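Enquirer: Sequence:
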Amino acid sequence: MVSSRAARSHRSAIRVLCPGNVKPFTSTHISTADELPLSGVRVLELGQLIAGPFCGQLLGHFGAEVIKIEPPSVGDPLRVWRELDVDGVSPWFRSLGRNKKSVAIDLRQDEGRALVKRLAAKSDVILENFKPGTLEKWGLGPLALHPLNPSLIFTRVSGYGQTGPWSSRPGYASVCEAESGFRYINGLVDPETNSLSGPPVRPNISLGDSVAGLHAAFGTVRVSLKFVFALILDGAQVLALLSRQKMVSNGEKSGQTVDVSIMESMLNLMEGIIPEYDRKGKVRGPSGSSVTGIVPTNAYPCLPSSTTPSTPTYIIIGANGDTLYARLMRAIGREDLIGPDYAQNRHRVVRQAEIEEAISDWTRVRPAEKVLEVLDKAGVPVGRVVGVKEIMQSEHVKARGAVEDVWVGETDSGWNVKMPGVFPVLEGSGAKTRWAGPDLGQHTDDVLIKELGLDTKELARLRDCGIIG
2 MVSSRAARSH RSAIRVLCPG NVKPFTSTHI STADELPLSG VRVLELGQLI
52 AGPFCGQLLG HFGAEVIKIE PPSVGDPLRV WRELDVDGVS PWFRSLGRNK
102 KSVAIDLRQD EGRALVKRLA AKSDVILENF KPGTLEKWGL GPLALHPLNP
152 SLIFTRVSGY GQTGPWSSRP GYASVCEAES GFRYINGLVD PETNSLSGPP
202 VRPNISLGDS VAGLHAAFGT VRVSLKFVFA LILDGAQVLA LLSRQKMVSN
252 GEKSGQTVDV SIMESMLNLM EGIIPEYDRK GKVRGPSGSS VTGIVPTNAY
302 PCLPSSTTPS TPTYIIIGAN GDTLYARLMR AIGREDLIGP DYAQNRHRVV
352 RQAEIEEAIS DWTRVRPAEK VLEVLDKAGV PVGRVVGVKE IMQSEHVKAR
402 GAVEDVWVGE TDSGWNVKMP GVFPVLEGSG AKTRWAGPDL GQHTDDVLIK
452 ELGLDTKELA RLRDCGIIG
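Sequential numbering from 2 applies to the sequence shown in the numbering used here.
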(Lines of atoms letter the chains of each structure in order from A and count residues from 1; the text may use other names and numbers.)
(Lines give C-alpha, C1' and ligand atoms only; values in the text may rest on other atoms or scores of the structure.)
Protein backbone atom coordinates (compact mmCIF):
# COMPACT_ATOMS: atom_id res chain seq x y z
CA MET A 1 0.00 0.00 0.00
CA VAL A 2 1.66 3.21 -1.20
CA SER A 3 -0.01 6.23 0.35
CA SER A 4 0.70 9.88 1.04
CA ARG A 5 1.85 8.73 4.49
CA ALA A 6 4.35 6.38 2.86
CA ALA A 7 5.59 9.08 0.51
CA ARG A 8 6.25 11.38 3.47
CA SER A 9 8.08 8.51 5.15
CA HIS A 10 10.34 8.01 2.17
CA ARG A 11 11.15 11.71 1.90
CA SER A 12 12.03 11.98 5.58
CA ALA A 13 14.12 8.81 5.40
CA ILE A 14 16.08 10.33 2.52
CA ARG A 15 16.75 13.39 4.66
CA VAL A 16 18.21 11.17 7.36
CA LEU A 17 20.31 9.00 5.07
CA CYS A 18 21.66 11.16 2.25
CA PRO A 19 24.83 13.06 3.26
CA GLY A 20 23.77 16.27 1.54
CA ASN A 21 20.63 16.42 3.65
CA VAL A 22 21.87 15.26 7.03
CA LYS A 23 21.68 17.81 9.79
CA PRO A 24 24.42 17.58 12.41
CA PHE A 25 22.93 16.04 15.52
CA THR A 26 22.76 18.32 18.49
CA SER A 27 20.77 18.01 21.65
CA THR A 28 18.96 21.23 20.75
CA HIS A 29 17.60 20.05 17.39
CA ILE A 30 14.22 18.38 17.79
CA SER A 31 12.74 16.84 14.66
CA THR A 32 9.07 17.20 13.86
CA ALA A 33 7.12 14.00 13.32
CA ASP A 34 7.28 14.46 9.53
CA GLU A 35 11.09 14.58 9.65
CA LEU A 36 11.51 11.27 11.45
CA PRO A 37 12.49 8.07 9.61
CA LEU A 38 9.17 6.25 10.07
CA SER A 39 6.94 9.20 9.32
CA GLY A 40 3.99 7.98 7.24
CA VAL A 41 3.93 4.47 8.69
CA ARG A 42 0.70 3.65 10.53
CA VAL A 43 0.76 0.96 13.23
CA LEU A 44 -2.45 -0.39 14.76
CA GLU A 45 -1.46 -1.59 18.23
CA LEU A 46 -3.88 -4.19 19.58
CA GLY A 47 -1.67 -5.56 22.32
CA GLN A 48 -1.39 -4.69 25.99
CA LEU A 49 1.00 -4.75 28.94
CA ILE A 50 4.66 -4.82 27.87
CA ALA A 51 6.02 -6.81 24.91
CA GLY A 52 3.80 -5.51 22.09
CA PRO A 53 3.48 -1.98 23.50
CA PHE A 54 7.27 -1.71 23.91
CA CYS A 55 7.62 -2.44 20.21
CA GLY A 56 4.97 0.21 19.54
CA GLN A 57 6.85 2.71 21.69
CA LEU A 58 10.00 2.24 19.61
CA LEU A 59 8.12 2.62 16.32
CA GLY A 60 6.31 5.71 17.56
CA HIS A 61 9.49 7.35 18.77
CA PHE A 62 10.97 7.21 15.29
CA GLY A 63 7.92 8.74 13.67
CA ALA A 64 5.32 6.01 13.09
CA GLU A 65 1.70 6.89 13.81
CA VAL A 66 0.75 4.36 16.49
CA ILE A 67 -2.97 3.97 17.14
CA LYS A 68 -3.43 2.01 20.34
CA ILE A 69 -6.75 0.17 20.63
CA GLU A 70 -7.84 -0.22 24.26
CA PRO A 71 -10.99 -1.63 25.89
CA PRO A 72 -13.37 1.14 27.01
CA SER A 73 -13.62 1.91 30.74
CA VAL A 74 -10.55 -0.12 31.80
CA GLY A 75 -7.92 0.35 29.11
CA ASP A 76 -4.55 -1.37 29.09
CA PRO A 77 -3.99 -3.04 32.49
CA LEU A 78 -0.57 -1.36 32.64
CA ARG A 79 -2.40 1.91 33.32
CA VAL A 80 -2.81 0.85 36.95
CA TRP A 81 0.32 -1.27 37.51
CA ARG A 82 2.81 -0.44 40.26
CA GLU A 83 3.03 3.17 41.42
CA LEU A 84 0.11 5.46 40.54
CA ASP A 85 0.34 9.20 39.95
CA VAL A 86 -2.00 11.90 41.26
CA ASP A 87 -4.49 11.13 38.48
CA GLY A 88 -4.56 7.39 39.29
CA VAL A 89 -2.51 6.43 36.20
CA SER A 90 0.84 4.65 36.35
CA PRO A 91 3.83 6.80 35.29
CA TRP A 92 5.12 3.59 33.70
CA PHE A 93 2.17 3.68 31.30
CA ARG A 94 2.78 7.35 30.54
CA SER A 95 6.28 6.30 29.47
CA LEU A 96 5.42 3.12 27.53
CA GLY A 97 2.41 4.79 25.88
CA ARG A 98 4.22 7.92 24.74
CA ASN A 99 3.66 9.18 21.19
CA LYS A 100 0.63 6.90 20.76
CA LYS A 101 -3.02 7.71 20.11
CA SER A 102 -5.49 6.00 22.43
CA VAL A 103 -8.70 4.82 20.77
CA ALA A 104 -11.14 2.99 23.04
CA ILE A 105 -12.96 0.20 21.14
CA ASP A 106 -14.50 -2.96 22.56
CA LEU A 107 -13.07 -5.86 20.52
CA ARG A 108 -15.52 -8.26 22.16
CA GLN A 109 -18.39 -6.72 20.20
CA ASP A 110 -19.04 -7.21 16.47
CA GLU A 111 -19.35 -3.49 15.76
CA GLY A 112 -16.11 -2.83 17.61
CA ARG A 113 -14.26 -5.41 15.52
CA ALA A 114 -15.80 -3.94 12.38
CA LEU A 115 -14.32 -0.53 13.25
CA VAL A 116 -10.89 -2.10 13.77
CA LYS A 117 -11.16 -3.86 10.40
CA ARG A 118 -11.76 -0.54 8.72
CA LEU A 119 -8.75 0.98 10.48
CA ALA A 120 -6.64 -2.04 9.51
CA ALA A 121 -7.50 -1.42 5.86
CA LYS A 122 -5.74 1.95 6.20
CA SER A 123 -2.74 0.74 8.23
CA ASP A 124 0.69 -0.65 7.45
CA VAL A 125 1.20 -2.84 10.51
CA ILE A 126 -0.96 -4.75 12.98
CA LEU A 127 0.92 -5.17 16.27
CA GLU A 128 -0.45 -7.61 18.83
CA ASN A 129 0.67 -9.82 21.70
CA PHE A 130 -2.41 -11.92 22.43
CA LYS A 131 -2.41 -15.68 22.80
CA PRO A 132 -2.11 -17.25 19.33
CA GLY A 133 -5.52 -17.73 17.71
CA THR A 134 -7.17 -14.79 19.47
CA LEU A 135 -7.17 -12.51 16.42
CA GLU A 136 -8.46 -15.36 14.27
CA LYS A 137 -11.30 -15.94 16.73
CA TRP A 138 -12.21 -12.27 16.40
CA GLY A 139 -12.04 -12.34 12.62
CA LEU A 140 -8.99 -10.04 12.62
CA GLY A 141 -6.27 -12.45 11.54
CA PRO A 142 -4.28 -12.38 8.29
CA LEU A 143 -6.84 -14.45 6.34
CA ALA A 144 -9.58 -11.98 7.24
CA LEU A 145 -7.65 -8.74 6.76
CA HIS A 146 -5.33 -9.41 3.82
CA PRO A 147 -8.24 -9.32 1.34
CA LEU A 148 -8.88 -5.76 2.59
CA ASN A 149 -5.21 -4.78 2.70
CA PRO A 150 -2.88 -7.25 0.92
CA SER A 151 0.31 -5.49 2.08
CA LEU A 152 -0.63 -5.41 5.78
CA ILE A 153 2.12 -6.70 8.06
CA PHE A 154 1.20 -8.63 11.20
CA THR A 155 3.72 -8.36 14.01
CA ARG A 156 2.69 -11.01 16.52
CA VAL A 157 4.38 -11.45 19.89
CA SER A 158 3.55 -14.50 22.00
CA GLY A 159 5.18 -16.76 24.53
CA TYR A 160 6.21 -19.56 22.20
CA GLY A 161 5.34 -18.44 18.66
CA GLN A 162 2.38 -18.94 16.35
CA THR A 163 3.22 -22.59 15.56
CA GLY A 164 4.53 -25.65 17.36
CA PRO A 165 3.16 -27.83 20.17
CA TRP A 166 3.55 -25.07 22.78
CA SER A 167 1.99 -22.27 20.74
CA SER A 168 -1.34 -22.47 22.58
CA ARG A 169 0.27 -22.25 26.01
CA PRO A 170 -0.07 -18.95 27.87
CA GLY A 171 3.41 -17.47 27.92
CA TYR A 172 4.42 -14.70 30.27
CA ALA A 173 8.00 -13.46 30.19
CA SER A 174 8.96 -15.00 33.53
CA VAL A 175 7.99 -18.49 32.36
CA CYS A 176 9.56 -18.05 28.94
CA GLU A 177 12.82 -16.85 30.52
CA ALA A 178 12.88 -20.14 32.42
CA GLU A 179 12.11 -22.26 29.34
CA SER A 180 14.80 -20.48 27.32
CA GLY A 181 17.49 -21.48 29.82
CA PHE A 182 18.06 -17.88 30.88
CA ARG A 183 16.97 -18.37 34.47
CA TYR A 184 19.16 -21.46 34.86
CA ILE A 185 22.35 -19.48 34.33
CA ASN A 186 21.34 -16.70 36.73
CA GLY A 187 21.93 -17.34 40.40
CA LEU A 188 24.48 -18.60 42.87
CA VAL A 189 26.44 -21.69 41.96
CA ASP A 190 26.70 -24.85 44.03
CA PRO A 191 30.47 -25.54 44.03
CA GLU A 192 29.92 -29.30 44.24
CA THR A 193 27.49 -29.66 41.34
CA ASN A 194 28.16 -26.43 39.37
CA SER A 195 24.37 -26.14 39.24
CA LEU A 196 22.05 -23.75 41.01
CA SER A 197 22.38 -23.29 44.72
CA GLY A 198 18.80 -22.41 45.60
CA PRO A 199 16.31 -20.69 43.28
CA PRO A 200 17.49 -18.74 40.24
CA VAL A 201 17.85 -14.99 40.55
CA ARG A 202 15.44 -12.87 38.53
CA PRO A 203 16.33 -9.44 37.15
CA ASN A 204 13.80 -7.08 38.72
CA ILE A 205 12.33 -6.13 35.34
CA SER A 206 10.29 -8.01 32.73
CA LEU A 207 13.36 -8.63 30.61
CA GLY A 208 11.80 -11.21 28.29
CA ASP A 209 8.99 -8.84 27.34
CA SER A 210 11.34 -6.00 26.45
CA VAL A 211 13.71 -8.27 24.52
CA ALA A 212 10.78 -9.68 22.56
CA GLY A 213 9.62 -6.12 21.88
CA LEU A 214 13.04 -5.31 20.44
CA HIS A 215 12.88 -8.39 18.21
CA ALA A 216 9.39 -7.40 17.11
CA ALA A 217 10.59 -3.90 16.25
CA PHE A 218 13.56 -5.29 14.33
CA GLY A 219 11.19 -7.31 12.19
CA THR A 220 8.71 -4.58 11.43
CA VAL A 221 9.83 -1.23 9.93
CA ARG A 222 8.68 -0.12 6.53
CA VAL A 223 11.08 1.34 4.00
CA SER A 224 10.50 1.49 0.23
CA LEU A 225 13.56 0.62 -1.83
CA LYS A 226 12.10 2.79 -4.59
CA PHE A 227 13.01 5.87 -2.57
CA VAL A 228 15.75 4.78 -0.18
CA PHE A 229 18.64 2.35 -0.51
CA ALA A 230 18.74 1.40 3.17
CA LEU A 231 17.56 2.40 6.61
CA ILE A 232 19.64 1.25 9.50
CA LEU A 233 18.29 1.68 13.02
CA ASP A 234 20.77 -0.09 15.27
CA GLY A 235 18.72 -2.65 17.18
CA ALA A 236 15.58 -1.35 15.48
CA GLN A 237 13.42 -2.52 12.62
CA VAL A 238 13.84 -3.11 8.90
CA LEU A 239 13.26 -6.68 7.82
CA ALA A 240 9.60 -7.30 7.05
CA LEU A 241 8.93 -4.03 5.29
CA LEU A 242 12.08 -4.15 3.19
CA SER A 243 11.07 -7.70 2.31
CA ARG A 244 7.57 -6.46 1.52
CA GLN A 245 8.92 -3.95 -0.99
CA LYS A 246 10.97 -6.71 -2.64
CA MET A 247 7.88 -8.88 -2.89
CA VAL A 248 5.92 -6.03 -4.49
CA SER A 249 8.63 -5.54 -7.11
CA ASN A 250 8.51 -9.29 -7.86
CA GLY A 251 4.73 -9.27 -8.15
CA GLU A 252 4.29 -11.48 -5.08
CA LYS A 253 1.87 -11.25 -2.13
CA SER A 254 3.43 -8.62 0.09
CA GLY A 255 1.68 -8.96 3.45
CA GLN A 256 3.76 -10.82 6.00
CA THR A 257 3.62 -12.10 9.54
CA VAL A 258 6.46 -11.32 11.94
CA ASP A 259 6.25 -14.20 14.43
CA VAL A 260 8.02 -13.23 17.66
CA SER A 261 8.35 -15.72 20.52
CA ILE A 262 9.43 -14.45 23.94
CA MET A 263 11.17 -17.75 24.60
CA GLU A 264 13.10 -17.62 21.31
CA SER A 265 13.93 -13.94 21.82
CA MET A 266 15.63 -14.88 25.09
CA LEU A 267 17.24 -17.92 23.44
CA ASN A 268 18.74 -15.49 20.95
CA LEU A 269 20.72 -13.93 23.83
CA MET A 270 22.25 -17.17 25.03
CA GLU A 271 25.60 -16.70 23.27
CA GLY A 272 27.50 -19.98 22.72
CA ILE A 273 25.54 -22.12 25.16
CA ILE A 274 23.95 -24.41 22.56
CA PRO A 275 26.98 -24.92 20.27
CA GLU A 276 29.21 -25.47 23.32
CA TYR A 277 26.88 -28.19 24.55
CA ASP A 278 26.63 -29.73 21.09
CA ARG A 279 30.35 -29.87 20.41
CA LYS A 280 31.83 -30.24 23.89
CA GLY A 281 29.01 -31.55 26.07
CA LYS A 282 29.36 -28.51 28.36
CA VAL A 283 26.29 -27.42 30.31
CA ARG A 284 26.79 -23.81 31.31
CA GLY A 285 25.34 -23.24 34.74
CA PRO A 286 25.02 -20.23 37.04
CA SER A 287 28.09 -18.20 37.91
CA GLY A 288 26.97 -15.79 40.60
CA SER A 289 28.28 -12.31 39.91
CA SER A 290 30.92 -13.42 37.40
CA VAL A 291 30.61 -15.07 33.99
CA THR A 292 31.76 -18.56 33.12
CA GLY A 293 35.08 -18.89 31.32
CA ILE A 294 36.12 -15.22 31.34
CA VAL A 295 38.53 -13.87 33.99
CA PRO A 296 38.54 -11.37 35.57
CA THR A 297 35.11 -9.82 35.34
CA ASN A 298 33.11 -9.66 38.55
CA ALA A 299 31.57 -7.56 41.31
CA TYR A 300 34.04 -6.58 44.02
CA PRO A 301 33.30 -5.15 47.49
CA CYS A 302 34.40 -1.67 48.53
CA LEU A 303 34.20 0.28 51.76
CA PRO A 304 30.67 1.60 52.35
CA SER A 305 29.92 5.14 51.29
CA SER A 306 30.04 7.72 54.09
CA THR A 307 26.50 8.80 53.21
CA THR A 308 25.13 5.22 53.43
CA PRO A 309 27.46 3.42 55.86
CA SER A 310 25.10 0.46 56.38
CA THR A 311 24.69 -0.31 52.65
CA PRO A 312 27.21 -2.62 50.95
CA THR A 313 29.05 -1.01 48.05
CA TYR A 314 30.23 -2.89 44.98
CA ILE A 315 32.02 -2.00 41.80
CA ILE A 316 32.25 -4.01 38.57
CA ILE A 317 35.62 -4.56 36.93
CA GLY A 318 35.91 -5.97 33.43
CA ALA A 319 39.59 -6.61 32.76
CA ASN A 320 39.33 -9.84 30.79
CA GLY A 321 41.41 -8.60 27.84
CA ASP A 322 45.05 -9.64 28.10
CA THR A 323 46.42 -6.08 28.06
CA LEU A 324 43.68 -4.85 30.38
CA TYR A 325 44.48 -7.60 32.84
CA ALA A 326 48.11 -6.57 33.02
CA ARG A 327 47.09 -2.94 33.57
CA LEU A 328 44.80 -3.97 36.40
CA MET A 329 47.46 -6.01 38.17
CA ARG A 330 49.96 -3.16 37.96
CA ALA A 331 47.35 -0.69 39.25
CA ILE A 332 46.64 -2.78 42.35
CA GLY A 333 50.31 -3.61 42.94
CA ARG A 334 50.12 -7.29 42.04
CA GLU A 335 52.77 -7.58 39.33
CA ASP A 336 53.43 -11.06 40.71
CA LEU A 337 50.22 -12.16 38.96
CA ILE A 338 51.55 -11.07 35.55
CA GLY A 339 53.56 -13.44 33.38
CA PRO A 340 53.26 -16.55 31.23
CA ASP A 341 50.99 -18.30 33.73
CA TYR A 342 48.45 -15.44 33.45
CA ALA A 343 49.07 -14.20 29.91
CA GLN A 344 45.85 -15.31 28.23
CA ASN A 345 42.28 -15.84 29.34
CA ARG A 346 42.64 -19.64 29.29
CA HIS A 347 45.51 -19.36 31.77
CA ARG A 348 43.56 -17.05 34.03
CA VAL A 349 40.46 -19.25 34.07
CA VAL A 350 42.52 -21.97 35.75
CA ARG A 351 43.69 -19.46 38.36
CA GLN A 352 40.40 -17.62 38.80
CA ALA A 353 40.15 -18.03 42.58
CA GLU A 354 43.65 -16.63 43.14
CA ILE A 355 43.04 -13.64 40.85
CA GLU A 356 39.60 -12.82 42.26
CA GLU A 357 40.91 -12.94 45.81
CA ALA A 358 43.74 -10.55 44.96
CA ILE A 359 41.36 -8.02 43.42
CA SER A 360 38.84 -8.28 46.28
CA ASP A 361 41.60 -7.84 48.89
CA TRP A 362 42.54 -4.57 47.17
CA THR A 363 39.03 -3.14 46.66
CA ARG A 364 37.50 -4.03 50.03
CA VAL A 365 39.82 -1.67 51.94
CA ARG A 366 39.13 1.29 49.64
CA PRO A 367 36.04 3.42 48.98
CA ALA A 368 34.49 3.04 45.55
CA GLU A 369 35.51 6.58 44.60
CA LYS A 370 39.19 5.73 45.11
CA VAL A 371 38.89 2.46 43.19
CA LEU A 372 37.28 4.32 40.28
CA GLU A 373 39.97 7.00 40.34
CA VAL A 374 42.87 4.53 40.26
CA LEU A 375 41.42 2.20 37.64
CA ASP A 376 40.14 5.00 35.40
CA LYS A 377 43.66 6.44 35.37
CA ALA A 378 45.02 3.00 34.46
CA GLY A 379 42.51 2.61 31.62
CA VAL A 380 40.74 -0.38 33.16
CA PRO A 381 36.96 -0.69 32.58
CA VAL A 382 35.27 -0.11 35.94
CA GLY A 383 31.86 1.08 37.10
CA ARG A 384 29.77 1.45 40.22
CA VAL A 385 26.75 -0.70 40.97
CA VAL A 386 24.18 2.08 41.27
CA GLY A 387 20.46 2.56 41.77
CA VAL A 388 18.04 4.89 40.06
CA LYS A 389 18.91 7.83 42.35
CA GLU A 390 22.53 7.78 41.20
CA ILE A 391 21.47 7.35 37.57
CA MET A 392 19.32 10.48 37.78
CA GLN A 393 22.28 12.39 39.23
CA SER A 394 24.83 11.12 36.69
CA GLU A 395 26.62 13.87 34.79
CA HIS A 396 26.94 11.56 31.78
CA VAL A 397 23.23 10.76 31.71
CA LYS A 398 22.46 14.48 31.89
CA ALA A 399 24.98 15.38 29.19
CA ARG A 400 23.55 12.77 26.82
CA GLY A 401 19.96 13.74 27.52
CA ALA A 402 19.27 10.11 28.39
CA VAL A 403 16.45 11.11 30.75
CA GLU A 404 13.86 13.56 29.47
CA ASP A 405 11.04 15.59 31.01
CA VAL A 406 7.65 14.87 29.47
CA TRP A 407 4.55 16.93 30.23
CA VAL A 408 1.38 15.12 31.35
CA GLY A 409 -2.04 16.75 31.34
CA GLU A 410 -3.27 20.18 30.33
CA THR A 411 -0.82 23.01 29.74
CA ASP A 412 -1.92 24.94 32.81
CA SER A 413 -2.68 22.04 35.15
CA GLY A 414 -0.31 19.21 34.37
CA TRP A 415 3.06 18.01 35.59
CA ASN A 416 6.40 16.76 34.32
CA VAL A 417 7.34 13.09 34.39
CA LYS A 418 10.95 12.07 33.92
CA MET A 419 11.32 9.15 31.48
CA PRO A 420 14.27 7.33 29.94
CA GLY A 421 14.93 8.42 26.39
CA VAL A 422 14.29 6.04 23.51
CA PHE A 423 17.42 4.81 21.78
CA PRO A 424 19.43 4.55 19.55
CA VAL A 425 20.24 8.16 18.73
CA LEU A 426 20.14 8.77 14.97
CA GLU A 427 22.49 11.44 13.65
CA GLY A 428 20.51 14.25 12.11
CA SER A 429 17.28 13.14 13.79
CA GLY A 430 16.59 14.75 17.15
CA ALA A 431 13.74 12.41 18.01
CA LYS A 432 12.11 13.33 21.30
CA THR A 433 8.90 12.34 23.03
CA ARG A 434 6.09 14.36 21.46
CA TRP A 435 3.50 13.56 24.12
CA ALA A 436 3.13 11.28 27.11
CA GLY A 437 1.00 8.16 27.19
CA PRO A 438 -2.50 9.54 26.56
CA ASP A 439 -5.62 9.33 28.68
CA LEU A 440 -7.85 6.39 27.84
CA GLY A 441 -9.78 7.08 24.64
CA GLN A 442 -8.25 10.53 24.24
CA HIS A 443 -8.06 10.17 20.45
CA THR A 444 -11.17 8.05 19.81
CA ASP A 445 -13.30 10.76 18.21
CA ASP A 446 -10.44 12.31 16.27
CA VAL A 447 -9.36 9.02 14.67
CA LEU A 448 -12.84 7.69 13.92
CA ILE A 449 -13.99 10.98 12.39
CA LYS A 450 -10.88 11.65 10.31
CA GLU A 451 -10.06 8.11 9.24
CA LEU A 452 -13.47 6.42 9.05
CA GLY A 453 -15.70 9.41 8.37
CA LEU A 454 -18.02 8.82 11.33
CA ASP A 455 -20.19 11.73 12.39
CA THR A 456 -20.99 12.89 15.91
CA LYS A 457 -24.39 11.20 15.87
CA GLU A 458 -22.85 7.82 15.06
CA LEU A 459 -20.15 8.32 17.71
CA ALA A 460 -22.83 9.03 20.29
CA ARG A 461 -24.71 5.86 19.35
CA LEU A 462 -21.56 3.72 19.55
CA ARG A 463 -20.68 5.26 22.90
CA ASP A 464 -24.17 4.65 24.29
CA CYS A 465 -23.86 0.97 23.25
CA GLY A 466 -20.49 0.66 25.00
CA ILE A 467 -18.69 -0.11 21.74
CA ILE A 468 -16.36 2.89 22.01
CA GLY A 469 -15.16 4.95 24.93
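In case anyone wonders, no lab produced these hints; they're calculated from the structure. Take these hints with a grain of salt, some might be off.
With a cut-off of at most 20 Å between alpha-carbon atoms, the simulated SDA-like pairs for lysine to any residue come out as follows [claimed, not checked]:
#1 Lys451 <-> Thr135
#2 Lys433 <-> Met420
#3 Lys371 <-> Ile317
#4 Lys132 <-> Ala145
#5 Lys102 <-> Ile317
#6 Lys102 <-> Gly470
#7 Lys102 <-> Pro382
#8 Lys433 <-> Trp408
#9 Lys123 <-> Pro143
#10 Lys390 <-> Pro143
#11 Lys102 <-> Lys390
If you're wondering where the values come from, they're calculated on a predicted model, not measured in any experiment.
Enquirer: Could you run down the list of hints and mark each one as holding or not?
Expert: Hints, verified against the model:
1. Lys451 <-> Thr135: This hinted pair is violated, its Cα atoms lying about 28 Å apart.
2. Lys433 <-> Met420: holds, 11 Å
3. Lys371 <-> Ile317: holds, 14 Å
4. Lys132 <-> Ala145: holds, 18 Å
5. Lys102 <-> Ile317: The hint is violated at about 42 Å.
6. Lys102 <-> Gly470: holds, 13 Å
7. Lys102 <-> Pro382: Cα-Cα ~43 Å, so violated.
8. Lys433 <-> Trp408: Holds, because 12 Å separates the two Cα atoms, which is no more than 20 Å.
9. Lys123 <-> Pro143: holds, 15 Å
10. Lys390 <-> Pro143: violated, 46 Å
11. Lys102 <-> Lys390: violated, 31 Å
Violated hints, in rising order: 1, 5, 7, 10, 11; the structure is consistent with all others.
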